[in-house]
Amino acid sequence: MPRGGIRGGGINLRALAIRQLKSRLQIDAVTAHGVRVLAPGQSFEEISSALAQLAAVKKLGVPNIRFLREKILVAHEFFKKPQQQLHLTQISALVDHAEQVCLDRAERRKDKKNLKQIVKAAPAAASSPEAPPASPMELWKEMLAKQQEQQEKKS
Amino acid sequence: MTESRRLHELSVGQYWVNDPQKLLYCCLTNVDPARAHSVEFEGIPPSYEEAAKLLYQVVGQSDDEELKSAQGYDMAQERICSACLDYLQTVMAPDDFASFRASTPARQFKSVLEDIQLMLKDA
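Quick mapping for you: the protein sequence lines, in order, are chains A and W.
Residue 16 in the working numbering sits at position 16 of the first sequence, and the numbers go up by one each step.
Residue 81 in the working numbering sits at position 81 of the second sequence, and the numbers go up by one each step.
Everything hinted at is true.
Restricting the straight-line Cα-Cα distance to at most 30 Å, the calculated cross-link-like pairs of lysine-lysine (BS3-like) are:
1. A:Lys58 - A:Lys110
2. A:Lys154 - W:Lys110
3. W:Lys110 - A:Lys153
4. W:Lys53 - W:Lys68
5. W:Lys110 - W:Lys53
6. W:Lys22 - A:Lys116
7. A:Lys146 - W:Lys110
8. A:Lys154 - W:Lys53
9. A:Lys112 - W:Lys22
10. A:Lys58 - A:Lys22
11. A:Lys116 - A:Lys59
12. W:Lys53 - W:Lys22
13. A:Lys141 - W:Lys68
14. W:Lys68 - W:Lys22
15. W:Lys68 - A:Lys146
16. W:Lys53 - A:Lys141
17. W:Lys68 - W:Lys121
18. W:Lys68 - A:Lys153
19. A:Lys141 - W:Lys110
Hints were generated in silico from the structure; no laboratory data involved.
Hey, can you work out the whole structure from these sequences and the hints?
See below:
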């Protein structure tokens, strides 16, 4: 049996947690007397706590970061008190940080891929056949013939 | 990529090869310029003598625009022909080399260095 118990079939807790946090972020708006307001039963504490928890999850991907940004925009629209706006700005800074970490990760992945390609290409070049590679002599002969034709035409 | 473009890239283009003999080796062995950095060079075997002679003829007499640098300079041709001559001098007998040079005239190249020297003299 592998270390740590039987593998496979387990629950991905991280994905589950992200899903649950996202479900807490359904900000419903209703129109009352021509004004868009928040549906009853939605508190700032609940929404901001879910936003902050989601923003603090490690290794967030681009779709989740976009989702957070959209929700923060909507929250800015409905929660206008200075304290609430400040709180949302702080969460926004957390999202900025998560985005930077995500970009750095993508950059590292790209570097790693490039390095792998270089390492793969090096042995291929080293293991070339013992006979020296052929020169494109036929092509050069054609080029020379064309040049001579052009020179003859000129003269 | 045309052959002239490949030679230009190897000698003075984006993937230029610094060492003249390695440059000649890459030209002679039909190396893709983008792969030139991964070529392991340990000298040019004497078996490339005929190929080097032909390359010298083709490049030395060519008037191809693709071989030219900006403002019509023949830097690529200068580098390749000079590397060919250096190599041929080492693999050919002195008499044979002299007769090859006499029988294979190269075009007068437009050299950026000569122009700079002229400018300096004028100044």
